[in-house]
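Trainee: Listed below are the residues making up each chain.
Protein chains: 2
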Amino acid sequence: MAGVTAREHAEALDAADPLAGFRERFEHAGDGVYLDGNSLGRLPGATRRRVLAVLDQWSREAVSGWHDWIDLPLRAGDALGALLGAAPGEVIATDSVTVNLYKLVCAALDALGPGALVTDRGNFPTDRYVLEGIAAARGLELRIFDSDELEGPVAADLGGLGEGDVVVLSHVAYRSGALADMAGLTAAARERGATLIWDLSHSAGALPVDLRGSDAELAVGCTYKYLNAGPGAPGYLYVASELQGALRSPIQGWFGQSDQFAMERDYDPVPGIARFLAGTPPILQLAAVEEGAKLTAEAGLAAIREKSVALTELIVALHDEWLDPLGFELGSPRDPAARGSHVSLRHPRAWTFTRALIEAGVTPDYRGPDSIRLGVAPLYTSHVEIYDALDTLRAIAARDDLPDAPPARVT
Amino acid sequence: MAGVTAREHAEALDAADPLAGFRERFEHAGDGVYLDGNSLGRLPGATRRRVLAVLDQWSREAVSGWHDWIDLPLRAGDALGALLGAAPGEVIATDSVTVNLYKLVCAALDALGPGALVTDRGNFPTDRYVLEGIAAARGLELRIFDSDELEGPVAADLGGLGEGDVVVLSHVAYRSGALADMAGLTAAARERGATLIWDLSHSAGALPVDLRGSDAELAVGCTYKYLNAGPGAPGYLYVASELQGALRSPIQGWFGQSDQFAMERDYDPVPGIARFLAGTPPILQLAAVEEGAKLTAEAGLAAIREKSVALTELIVALHDEWLDPLGFELGSPRDPAARGSHVSLRHPRAWTFTRALIEAGVTPDYRGPDSIRLGVAPLYTSHVEIYDALDTLRAIAARDDLPDAPPARVT
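As you go down the protein sequences, you meet chains C and G in turn. Every position in the first sequence, counted from 1, becomes a number in the working numbering once 599 is added. Every position in the second sequence, counted from 1, becomes a number in the working numbering once 599 is added.
One or more of the hints may lead you astray.
A pair counts as met if it fits within one copy or between any two copies, since identical chains are not told apart.
No more than 25 angstroms apart at the CA atoms, straight line, and that leaves these computed lysine to any residue pairs for SDA-like [to be verified]:
no.	residue 1	residue 2
1	K893	Q656
2	K893	R622
3	K893	H608
4	K893	D655
5	K893	A615
6	K893	G812
I should point out that these hints are in silico values taken from the structure, not numbers from a laboratory.
Using the sequences plus the hints, can you model the full thing?
Mentor: Below you can see the structure in the form of structure tokens.
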């Protein structure tokens, strides 16, 4: 077999790829290389058809369509739950990640707290903003600890936890891609009487998640990344079944009410996970969530993870061969078992190189100040695309005539 | 001109209807009569095309589509604001009505309260549930007053208000269709140092709303009724510009953050209405909101209101001629100036008749225990449809062989 720096090596990996056929299940425009599925996944053909079917149903059935739509948050939730190691009835798809996290943090504080709020400085900003707001509103302490960026949070970081504290951590760090030890950290929090809420946004759909096997109590996550449900598609939340009776959403709405259409009664939440619904859920985009989850289930998370590791290993190998000598630094864990499905490449001129990559037809993601994130979506990313992207980046970084791009961008 | 009980009368009204051409702008299935646009509006053809265009943009541009999508909550909000008497930058479309109401109640209590929470027992249940939850969480009093159902809340009902109280009222009552005096009630609340939040769900799109002209401070509303944005489409919220700087959302998310993509900083909300955004907004359904608002603006709310009054007057007249003798009672205000765009017809066997109407191809709405709601959507409801629906109901109610339908239904 050819060495890693030969395109034939990547071609051979593609030829042997059992998931290669899934690429055609997505719509592709032009011949660019898309390595930003960790920000917004591509459009599956089945999702386009499903959205059209919902439009048809709305057109044909109007309000009567609700006989089918009313359970969609639960159906989509169960489809997601099957990918997350949750039991049926433990996951519901609705609202945004931000709103869902707000609901779970408040619910956990009310039922299991109130202690301090705790998170990792490396956690995704919206998670931190939610905690800042709740801490201020309730007069609670917010403790933000620093974890090693390449290692992510470890049990030692949780050393200061106390009874009633609520901790929010990302399963995969959005910047470095570090994969946290879900079972170990959950146990460490529980030993100290604290509750851990997992944010699965950067892991769900890209690797097996085992919520129940990890004894996880609460989680939220996003569907528009590796689950390919489209821009701003609803997020989801998980509440372990044994906790559902004790927890109540702070946002009491009619979709969480027992006997929803009786309308005259005081609020009395339904017994199960649906008590975390609030208002009327957005059906067009929930249908896309269900389709995205089904496509992922069809491919299987074991195969997806295997290919994800092969793809990120190829990035690391080509980084070592080509980019390290050009002043790059690996911003992700070197051990694939400790890494999610994206790799950060750090360089002081990352933003300039990002702009040049986009002009050359390669779409990476940039996270300031110095990281180029390359996300691999095993359902549609090929090894040859990785090869070509890294080859392009090598050529860009080797140029001595490239002016620095202005330092800001909108998205 | 023929009398009201002649079909020719309705035909003549349709022939003279300046909005008749808008009917073709919606998709219609079959030849049934749809009088539930106050629950879920029909699908505009332009909305189908727009949703397809968003799918195409997602397919073609992937994450780069955000250059266009990022401002959609504001653009759709301004399109709505123009229908609500708000200035640009005072309305944002995002989240559900329930979540938006939660945000505004908490924000009002924090900045202008905290006093008691107050609402009308006739208000829509989800509004009451939201208030119940916030009252319990904050240890505040929740006062629910009884208004006259046909009159809706009047200034006298607000007599007990005090400094810092937060009141939530519906502009049009969901059951009776009573239209509240927005300017008078807003002034009555303000005189007592209280803040009034309007729920516009059952008025927006069906009649002119004048938020600024009424000195209204805060409002929320729904887009899937008369604004035709589809099942579960995002709601909106209004904050008068002079209040925006003082109010903060309890749910702090990255879409409300200044310099959203800097990511390292503490939460610092953007100066304008966008501070009430939380997570990533659902783009497919926000696009439908913008289309629905544009179609309504094209028809014009003055013409829409004029036709709405003509349609509901026809219901009232036919009720008096045909249904009153059969034991029906008008459950809506008789004065059209005090009524929104639906009429409630009360009868002890309302549920049985509702089922029979649906079997006969007429879709009304039922609200327990005894109301058949007939919603008129002036963009696509014709006078002949009203005539035929009432004629059908008359025939059903006159039957002596109709078994009582079981008392419950799912939606």
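Trainee: Hint by hint, which ones does this structure get wrong, listed from lowest number up?
Mentor: The structure breaks only hint 3.
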